[in-house]
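Chain by chain, the residues:
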Amino acid sequence: MCDWCEQYGGGYERWYFNPANYARRLYKVRREEAEASGPEANPQAAGGMSVVGREFLEAQARGDHETMARMRRDAEQVSWRIHFGQVVTKEEVERIIDLIYPIGLMTCVCRRSMRGLPDEENFTCIGMGPGMYKWERWPDTYRGGMNFLTPEEAKQVIDVVNRRGLVHCMYTFGTPYLAGICNCDYPDCGGLRTAVDMGVRVVWKGHSVAQVDPDRCNGCGLCVRRCQFKALSFSSSTLKAHIDAFKCYGCGLCRNPCKPDAIEMVDRASLPAVAGVW
Amino acid sequence: MLPTIQVDDSKCSDPLRCRLCLLACPTRVLGLGTNVAPKKYQETPPSHFIVRGVRYQFCTACQKCVEVCPHGAISVSYDRGVTA
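One line per chain: the protein sequences are D and F, in this order.
To convert a position in the first sequence, counted from 1, into my numbering, add 648.
To convert a position in the second sequence, counted from 1, into my numbering, add 109.
Chain D extracted, bound-state conformation (with noise of 0.2 Å):
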C-alpha cells in the first residue's frame, strides 16, 4: 500500500477515492502551511518552477552523492506536506471527476514556463474545489482564466489530452487536500522532470505497472512514444516493446495505441519486487 492510502484512505481503496481529501475544511489548512513554508512553496514565484535548482547540478557534475541525497530528501520532506503529485490512470481520473466540485479548466503553469505558450493554447490543467472560486482574485496564478466544466466535459477534456499523450497526476495543495488534476509531459513538467531527471519524488508512481504481452505485441512501436518515463523501449532483438517495470509510472497512456491490446495494468502490489518502488 502506498503511504498515502495509509495515512489518508479512510477506509477506501485509494486516498484519492476518499471524499474528505477534497473538502473545503481542508482548505483552510492549506493556507497556514503554505504560509508558513515561505516564498518556496509558491512555485510560480520560484522562478523555472524547480523544488531544487543549480546547487543539486552542480552536487550531480562532481559525483557528490552525498549532497545530493540531503538535498533530495530536504526537498521531498517539503513537497509531501505541501504539494506533491500522484499519476493516476485515465479510469481512476474519470472516478474521481464524478467526486469533486467544482471543476475548473486552467492553464499549465509548468508549461508556460518552459515552452511560454500563450493561453489559448495553455488550457490543460483541471483545478478544482473552494480555490477555483478565487480565480478572479489572483490573475496572475489563473493566467487566461478559468472554465467552470461540468462532469461530462471534464472527462471529455481528459480523453483529450490523453490521446495527445499527457500524464494524468493527482496533485496536493496542503497534503492531504487534492485540488489539481494535472496533464503532464516530459520535460515541461516540473513535476516529472524534477522526479525523472533529478530521483526527487514531487511524484509518486501510480497504483498500476504497465506489462507487455509479448505474444499479443505486434511490434508497432506505437506505444514507445507514449511514454514520458524512459520506461517504454522497443527491443530490436525480439522486435517488441520492452517495459522497464522499475521505471514505469502505471499511467497507462502506453496501452491506448495498442490495437492488438497487449499491454495490461497489473496492480503495483501484485509485484513484490515493485510493490514499494513509488
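Simulated from the structure, these hints should not be mistaken for laboratory data.
From a predicted model like this one, the values you see are computed outputs, not experimental measurements.
Some hints could be false.
Here are the simulated DSSO-like cross-link-like pairs (lysine-lysine), alpha carbons at most 30 Å apart as the crow flies [claimed, not checked]:
{"id": "1", "chain 1": "D", "residue 1": "Lys-782", "chain 2": "F", "residue 2": "Lys-148"}
{"id": "2", "chain 1": "F", "residue 1": "Lys-149", "chain 2": "D", "residue 2": "Lys-782"}
{"id": "3", "chain 1": "D", "residue 1": "Lys-878", "chain 2": "D", "residue 2": "Lys-895"}
{"id": "4", "chain 1": "F", "residue 1": "Lys-173", "chain 2": "D", "residue 2": "Lys-878"}
Computed Cβ-Cβ distance ranges for the label pairs, DEER-style [said to hold, decoys possible]:
{"id": "5", "chain 1": "D", "residue 1": "Ala-923", "chain 2": "F", "residue 2": "Gln-115", "range": "45 to 51 Å"}
{"id": "6", "chain 1": "F", "residue 1": "Arg-126", "chain 2": "D", "residue 2": "Asp-863", "range": "48 to 54 Å"}
{"id": "7", "chain 1": "F", "residue 1": "Pro-179", "chain 2": "D", "residue 2": "Met-649", "range": "50 to 56 Å"}
{"id": "8", "chain 1": "F", "residue 1": "Ala-146", "chain 2": "D", "residue 2": "Trp-728", "range": "18 to 24 Å"}
{"id": "9", "chain 1": "D", "residue 1": "Phe-882", "chain 2": "F", "residue 2": "Ala-133", "range": "47 to 53 Å"}
{"id": "10", "chain 1": "D", "residue 1": "Arg-864", "chain 2": "F", "residue 2": "Pro-154", "range": "53 to 59 Å"}
{"id": "11", "chain 1": "D", "residue 1": "Gln-859", "chain 2": "F", "residue 2": "Pro-155", "range": "44 to 50 Å"}
Over the 10 Å line for every Cβ pair with chain D, so calculated as not near, a few chain F residues [what the hints assert, rightly or not]:
{"id": "12", "residue": "Ser-119"}
{"id": "13", "residue": "Lys-120"}
{"id": "14", "residue": "Pro-135"}
{"id": "15", "residue": "Ser-156"}
{"id": "16", "residue": "Thr-169"}
{"id": "17", "residue": "Gln-172"}
{"id": "18", "residue": "Lys-173"}
{"id": "19", "residue": "Glu-176"}
{"id": "20", "residue": "His-180"}
{"id": "21", "residue": "Gly-181"}
{"id": "22", "residue": "Asp-188"}
{"id": "23", "residue": "Arg-189"}
Glycine residues also receive a C-beta, built at the ideal position from the N, C-alpha and C atoms.
The hints should help you fit chain F onto chain D, whose structure is shown.
Leaving out everything else, chain F in the frame of chain D:
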C-alpha cells in the same frame, strides 16, 4: 562541470511574448519565471518575467539561444577541461 548561462534582464523586456530562446533550445534548458510573487487583482507586468537556466545538466553550450535572441541578452559560457 555545468555551463554558465547569463541573461541580462534589462535587455529582455517581454520574454513571455517573445519566447524565441525557449523554443530554440534543442535540449529544453531554459525556463521562464517571475521575479515577484503574484499580487491580488493584478497580472504580473511583462517586465517582471525573467528567463533563466533551469536544466543546466542538458545544456550543450550550442549557443542557439544566444543567436536567436533579438536583443543580445543571453550569454552562455563553458570552461572546457576545468573541473569543479
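Against the structure, the hints:
1. Lys-782/D x Lys-148/F: Given pair Lys-782/D, Lys-148/F holds - Cα atoms ~13 Å apart, limit 30 Å.
2. Lys-149/F x Lys-782/D: holds (10 Å)
3. Lys-878/D x Lys-895/D: holds (7 Å)
4. Lys-173/F x Lys-878/D: Judged against 30 Å, a Cα distance of about 26 Å means the pair holds.
5. Ala-923/D x Gln-115/F: 45 to 51 Å: holds (47 Å)
6. Arg-126/F x Asp-863/D: 48 to 54 Å: Roughly 53 Å apart at Cβ, these two residues keep to the hinted range, so it holds.
7. Pro-179/F x Met-649/D: 50 to 56 Å: holds (54 Å)
8. Ala-146/F x Trp-728/D: 18 to 24 Å: Because 23 Å falls inside the window, the suggested range holds.
9. Phe-882/D x Ala-133/F: 47 to 53 Å: Cβ of Phe-882/D to Cβ of Ala-133/F: about 29 Å, so the range 47 to 53 Å is violated.
10. Arg-864/D x Pro-154/F: 53 to 59 Å: holds (56 Å)
11. Gln-859/D x Pro-155/F: 44 to 50 Å: For Gln-859/D and Pro-155/F the Cβ distance comes to about 49 Å; the hint holds.
12. Ser-119: Given a closest Cβ separation of 17 Å, the condition holds.
13. Lys-120: holds (17 Å)
14. Pro-135: Given that every Cβ of chain D is farther than 10 Å from that of Pro-135/F, nearest at about 12 Å, it holds.
15. Ser-156: holds (14 Å)
16. Thr-169: holds (14 Å)
17. Gln-172: At roughly 20 Å from the nearest Cβ of chain D, Gln-172/F sits farther out than 10 Å, so the non-interface label holds.
18. Lys-173: holds (15 Å)
19. Glu-176: Since the minimum Cβ distance to chain D is about 18 Å, Glu-176/F lies beyond 10 Å and the statement holds.
20. His-180: holds (15 Å)
21. Gly-181: holds (19 Å)
22. Asp-188: holds (12 Å)
23. Arg-189: holds (14 Å)
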